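For the protein sequence lines, the chains are A and B, in the order given. If you count the first sequence from 1, you need to add 343 to reach my numbering. If you count the second sequence from 1, you need to add 199 to reach my numbering.
Don't take every hint at face value.
One-sided excerpt, in silico: chain A residues whose CB lies under 7 Å from chain B [what the hints assert, rightly or not]:
(1) Ala-396
(2) Gly-398
(3) Val-454
(4) Gly-455
(5) Lys-456
(6) Ile-458
(7) Val-461
(8) Val-463
(9) Gly-464
(10) Leu-466
(11) Ala-467
Derived CB-CB ranges, DEER-like [said to hold, decoys possible]:
(12) B:Met-208 with A:Asn-462: 19 to 27 Å
(13) B:Ser-329 with A:Pro-457: 19 to 27 Å
(14) A:Asn-462 with B:Asp-410: 19 to 27 Å
(15) B:Pro-226 with A:Gln-460: 28 to 36 Å
In case anyone wonders, no lab produced these hints; they're calculated from the structure. A quick note: this is a predicted structure, and the numbers were derived from the prediction, not measured. All C-beta atoms, glycine included, are put in the ideal place defined by N, C-alpha and C.
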Amino acid sequence: MKIKAQFTTAAWFTASVAITVYSTPGLAAPLAQNSAANTESTINTEGKTVTYADGTYTATGQYGNAPSYITVTVTLSGGLIVSAKVTTRATNPISLYYQERFATAVPEVVVGKPIDQVNVGRLAGSSGTPSGFNAAIAQIRQQAASRGTVQGDPK
Amino acid sequence: MGTASTKAMTFKFEAIGTHWEIDTDAPLDMRLRASILVRVREFDRIYSRFRQDSLVSSVAGADEGGCFDFPEDAPPLFDLYDQLHALTNGAVDPLVGRTLELLGYDRAYSLKPATDDVQRYAHAQRPVWSKDVIRHGARLRTRRPLVIDVGAAGKGHLVDIVTCLLKRAGFRQFVVDGGGDLRNTGESSLRIGLEHPFSPGQVIGVANLRDRALCASAVNRRAWGHGLHHVLDARTGTPVRDVVASWVVADSALLADGLATALFFVPAQRLAEVFNFTYVRMYSNGRAEMSPTFAGEIFTRSKHETNLAS
Numbered sequence: 344m345k346i347k348a349q350f351t352t353a354a355w356f357t358a359s360v361a362i363t364v365y366s367t368p369g370l371a372a373p374l375a376q377n378s379a380a381n382t383e384s385t386i387n388t389e390g391k392t393v394t395y396a397d398g399t400y401t402a403t404g405q406y407g408n409a410p411s412y413i414t415v416t417v418t419l420s421g422g423l424i425v426s427a428k429v430t431t432r433a434t435n436p437i438s439l440y441y442q443e444r445f446a447t448a449v450p451e452v453v454v455g456k457p458i459d460q461v462n463v464g465r466l467a468g469s470s471g472t473p474s475g476f477n478a479a480i481a482q483i484r485q486q487a488a489s490r491g492t493v494q495g496d497p498k
Numbered sequence: 200m201g202t203a204s205t206k207a208m209t210f211k212f213e214a215i216g217t218h219w220e221i222d223t224d225a226p227l228d229m230r231l232r233a234s235i236l237v238r239v240r241e242f243d244r245i246y247s248r249f250r251q252d253s254l255v256s257s258v259a260g261a262d263e264g265g266c267f268d269f270p271e272d273a274p275p276l277f278d279l280y281d282q283l284h285a286l287t288n289g290a291v292d293p294l295v296g297r298t299l300e301l302l303g304y305d306r307a308y309s310l311k312p313a314t315d316d317v318q319r320y321a322h323a324q325r326p327v328w329s330k331d332v333i334r335h336g337a338r339l340r341t342r343r344p345l346v347i348d349v350g351a352a353g354k355g356h357l358v359d360i361v362t363c364l365l366k367r368a369g370f371r372q373f374v375v376d377g378g379g380d381l382r383n384t385g386e387s388s389l390r391i392g393l394e395h396p397f398s399p400g401q402v403i404g405v406a407n408l409r410d411r412a413l414c415a416s417a418v419n420r421r422a423w424g425h426g427l428h429h430v431l432d433a434r435t436g437t438p439v440r441d442v443v444a445s446w447v448v449a450d451s452a453l454l455a456d457g458l459a460t461a462l463f464f465v466p467a468q469r470l471a472e473v474f475n476f477t478y479v480r481m482y483s484n485g486r487a488e489m490s491p492t493f494a495g496e497i498f499t500r501s502k503h504e505t506n507l508a509s
């Protein structure tokens, strides 16, 4: 099965994660009309066919110039990202300062609510492109592809 | 609420580095889809500084400067930049981006934050929109290579342009969502989550948008969590640290987008003297403020404490 999707575009990936993660009815936007229970899916990207195996993948992405990391865990099913989790871990003092500051300061005044607890039709904001996130996603894509078939040298 | 039911079709595509979705109550035919994609590509070919064949790349490559004719969509965009440049005392400046890159800004800043040398050099060399570009309508004159970055308002402008195409094709109720900057056309109201700038999957509030545009700006959009991000103060070349996110509702997405950036630099009152808009602004200390007439709410501990206690 071929899925019309651009796995090459980082921005697309972020956007689609945002959509599927939130799992708000009406927001859920699968990559394609994908018949329900596939164990794997084949993505045709620029002439290359890549197969992604179902499963849960974790990868760490680096962002910025100093070593600061985020860890992204993604569950794939039938070629769709059905869940994603991001944890941040900073090792560089500036980032640590920022992460801690936001971790402690934000909830005191503004309280984030999980999107699926809030009935919204769309989202305004910054699911733009955290570069570390995209780096992690790229690794996950590789892992999923090599666990799939086609590409040869399975581990 | 209620908008989900009116949403019949979603047309999705990738453009100018982000994911677009257009919700309409009736299908878009192939011709309209094609004309949207052509129009969007045309915009990219003019304004993308990541494309070598774009008009802004020609401006950037002109060693001696030159005279450049932009298309007719340019004056509204550049007019807004003129206004925001003046109102923010130069903080909003389409010429900010590349100068800093060329200076090795990222590296210098992240390793040894804001050394005097870097700042002095940046200050001495940087071009300024109000001085280095002479503009008459859509015609720009330059005297040296300049990198124009319309990142602060260009996406909003394109959301308006696409909205216009749909209106002309007879659509009355639709949403154009350009990667989180969006415009809802028609009488039905749309509830929109305000994405938490640092917690993926969370929202800090909700806006009710009816026949207007809502655009957001946040420091995490590029290179987040690091004190290094894309919202730069053109005057100092350093990232803004106080405001971390802003959301603006205005009649056009161009205006909403531009104001969302400008709110990082100046008090809302200053902008409100000139423009009609409502906003939410979040600071690095976790406070958020909302203009009194903002149609929506922000979630604060006092209001939602009980819900969240677990």
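Hint check results:
Nearest Cβ of chain B to the Cβ of Ala-396 (chain A): about 24 Å, over the 7 Å cut. The hint is violated. The interface hint given for Gly-398 (chain A) is violated, since its Cβ lies 21 Å from the closest Cβ of chain B, which is over the 7 Å cut-off. A cut of 7 Å between beta carbons decides the hint on Val-454 (chain A): the least distance to chain B is about 5 Å, and the hint holds. Taken as an interface hint, Gly-455 (chain A) checks out: its beta carbon lies about 3 Å from the nearest beta carbon of chain B, inside 7 Å.
Because the smallest distance between the Cβ of Lys-456 (chain A) and any Cβ of chain B comes to about 5 Å, under 7 Å, the interface hint for this residue holds. Annotation: Ile-458 (chain A) was flagged as interfacial toward chain B, and the flag holds, the nearest CB pair being 5 Å apart, inside 7 Å. Of the supplied interface hints, the one on Val-461 (chain A) holds, with its beta-carbon coming within about 6 Å of a beta-carbon of chain B, less than 7 Å. Here the hint on Val-463 (chain A) is kept, as its CB sits about 4 Å from the closest CB of chain B, short of 7 Å.
Of the supplied interface hints, the one on Gly-464 (chain A) holds, with its beta-carbon coming within about 5 Å of a beta-carbon of chain B, less than 7 Å. Because the beta carbon of Leu-466 (chain A) sits about 5 Å from the nearest beta carbon in chain B, less than 7 Å, this interface hint is met. At its closest, the beta carbon of Ala-467 (chain A) sits 5 Å from a beta carbon of chain B; the interface hint therefore holds under the 7 Å criterion. The hint said 19 to 27 Å for the Cβ distance between Met-208 (chain B) and Asn-462 (chain A), and at roughly 21 Å that hint holds.
For the hinted restraint 19 to 27 Å between Ser-329 (chain B) and Pro-457 (chain A), the CB-CB distance of approximately 45 Å leaves it violated. With their beta carbons about 20 Å apart, Asn-462 (chain A) and Asp-410 (chain B) fall inside the hinted range of 19 to 27 Å. Checked against the hint of 28 to 36 Å, the pair Pro-226 (chain B) and Gln-460 (chain A) passes, with Cβ atoms roughly 32 Å apart.
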